[in-house]
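Engineer: Read top to bottom, the protein sequences are chains A and B. So the first sequence is numbered by the UniProt record's numbering: it starts at 1 and just counts up by one. So the second sequence is numbered by the UniProt record's numbering: it starts at 1 and just counts up by one.
Keep in mind that a hint or two might mislead.
Computed Cβ-Cβ distance ranges for the label pairs, DEER-style [said to hold, decoys possible]: (1) A/A214 to B/Y53: 55 to 61 Å; (2) B/A103 to A/A350: 49 to 55 Å; (3) A/R356 to B/R45: 33 to 39 Å; (4) A/L256 to B/Q39: 36 to 42 Å; (5) A/T16 to B/A55: 56 to 62 Å.
For the record, the hints were derived by calculation from the structure and aren't laboratory data. Every residue, glycine too, gets a C-beta built ideally from N, C-alpha and C.
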Amino acid sequence: MNEDAARYAAEQAARTAHGRLVARLASRSRDIAGAEDALAEAFAAALRHWPLRGVPASPEAWLLTAARNAQRNAGRHRRVQNAAIRDLELRQAELSAPASDWPDDRLKLLFVCAHPAIDAAIRTPLMLQVVLGLDAARIANALLLAPAAMGQRLVRAKAKIRDAGLRFALPEREEMPARLAEVLEAIYAAYGTGWDGAGTLAQQPGGLAEEAIALGRLLVAELPDQPEAKGLLALMLHCEARRGARRDAEGRFVPLVRQDTRLWARASMAEAEQLLMDGARAGRFGRFLCEAAIQSVHAQRATTGRTDHAALRLLYDLLAEQAPSLGVLTARAAALLEAGDPRAAEAALAALPAARVVSYQPFWVTRAALLRHQGRLAEADEARRRAVGLTEDPAIRDFLQED
Amino acid sequence: MQFMMLLTETATEFAHRDDPEKAPAYWAGWTAFIGAMAQAGVIVRGDGLQPPYSATTLRIRDGKPLVQDGPFADSKEQLGGYFIIEVPDLDTALAWAARAPSASYAAVEIRPLLPPMPSLGG
Chain A
1 MNEDAARYAA EQAARTAHGR LVARLASRSR DIAGAEDALA EAFAAALRHW
51 PLRGVPASPE AWLLTAARNA QRNAGRHRRV QNAAIRDLEL RQAELSAPAS
101 DWPDDRLKLL FVCAHPAIDA AIRTPLMLQV VLGLDAARIA NALLLAPAAM
151 GQRLVRAKAK IRDAGLRFAL PEREEMPARL AEVLEAIYAA YGTGWDGAGT
201 LAQQPGGLAE EAIALGRLLV AELPDQPEAK GLLALMLHCE ARRGARRDAE
251 GRFVPLVRQD TRLWARASMA EAEQLLMDGA RAGRFGRFLC EAAIQSVHAQ
301 RATTGRTDHA ALRLLYDLLA EQAPSLGVLT ARAAALLEAG DPRAAEAALA
351 ALPAARVVSY QPFWVTRAAL LRHQGRLAEA DEARRRAVGL TEDPAIRDFL
401 QED
Chain B
1 MQFMMLLTET ATEFAHRDDP EKAPAYWAGW TAFIGAMAQA GVIVRGDGLQ
51 PPYSATTLRI RDGKPLVQDG PFADSKEQLG GYFIIEVPDL DTALAWAARA
101 PSASYAAVEI RPLLPPMPSL GG
């Protein structure tokens with residue numbers, strides 16, 4: 001076996017099994033940083049062993065054994081470990097069955113990362129690093145944070161998990177909805193905000209949309225009785241379906257209402273619809289199911305050729321009750337305008353806290369649209385200019401300038 | 001796992017301790033809380049503290065002791081008592097902390113105790 005093939009196999013195993021291995025290694029010790037170090041040593045050992053002896057039947061089981069050896073070594077204050085025993089264990093691990101029947105501790109890891117005792121701002125980066133194995137620089141890039149500060153805060157959060165005694169287990173039944181909401185929130189933050197106007201960071205190369213969807217799938221698989229997990233995955237899949245329609249051939253931004261529905265990915269849409277139906281069956285219509293339902297209404301334009309604005313208005317009212325965030329309330333105002341009720345839209349915008357909308361781009365986009373509708377063109381232009389000044393994405397900036 | 005539960009009080013609540021009208025309700029709240037912890041067998045030890053006016057703080061600077069009347073931190077909430085509790089994890093410790101009367105008007109800090117020092121040469 002050549003070195004490249006061994007390296008490829010090791011990298012493959014490290015990527016797909018990272019979260020599972022860290023979760024297994026850390027679930028007793030609570031020492032995530034220690035588990036990651038041990039895994040890095042195991043990975044280095046794989047690069048030494050596999051080219052000579054071939055890739056084992058279960059790379060994951062082999063890596064786990066090697067990482068446990070490394071952990072034990074660290075625990076013995078690096079006293080020299082009996083090399084013969086270590087070698088014997090690795091040889092046994094080469095014969096291990098594939099790891100498909102292992103318990104999956106990744107969910108516990110997710111809930112620990114989103115624990116209320118962890119600084120809320122670091123929960124999403126922590127999850128991405130610990131469960132998906134992304135490095136701090138990549139996460140910092142995608143979330144627009146300073147890499148150095150990010151690295152330090154991740155280290156601190158891991159130290160807190162190790163030393164502060166956070167429970168490494170799924171929350172109890174009565175706590176589940178609140179704790180799950182934290183996890184969903186963090187995954188949604190990783191996916192990125194907006195898909196039809198605001199920030200589109202997650203859509204850009206190096207964004208985290210794919211990773212967020214992978215986490216969403218994990219949650220749905222592991223918590224089949226939680227409708228909100230289905231709601232979040234459905235929401236992300238609906239948005240993901242439109243990825244190819246969001247830019248035209250020249251790379252210019254295309255807003256949702258003008259997108260060519262033939263470019264929407266039907267498979268993702270169908271999966272999202274199925275999840276939404278399954279989730280809605282539980283009878284509890286939470287925030288993410290609500291958001292997914294809104295995207296589902298937009299998706300129906302692909303078959304009906306029109307957008308049901310009355311349905312959207314109803315869903316936004318419901319969403320605003322569930323999650324009255326600045327983003328939701330602004331989107332509701334935009335929906336009211338689209339539904340042909342500018343007076344309600346105006347009232348909805350006027351009700352938003354002035355101090356917070358000052359730097360909130362979607363507010364100014366919506367306000368510009370409203371003023372234009374009312375024929376107050378000079379004011380509309382002023383609002384549009386403010387929106388341009390608050391836009392991060394150059395394609396959207398161009399779009400707002402041409403509009 | 002052992003945690004220290006540091007309970008702070010506000011000046012108002014410290015005053016309630018000696019106020020004939022307020023004291024019964026004040027102490028009844030604490031007695032119920034401590035009783036529940038005792039029933040569950042989580043208390044390793046614990047004490048209430050005399051109010052902050054009784055505190056004295058010492059620092060040695062340039063070899064000279066500086067003794068100061070009052071607690072080391074000048075803040076609205078002051079340490080009023082502590083417990084060492086034995087529970088499986090932070091989540092359980094937080095569940096107990098939430099039941100402390102002072103949690104709703106002051107604050108409860110939870111910190112794990114340092115594990116025993118490793119024996120040298122072991």
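Engineer: Enumerate the violated hints, using their earlier numbering and listing them in ascending order.
Structural biologist: 2, 3 and 4
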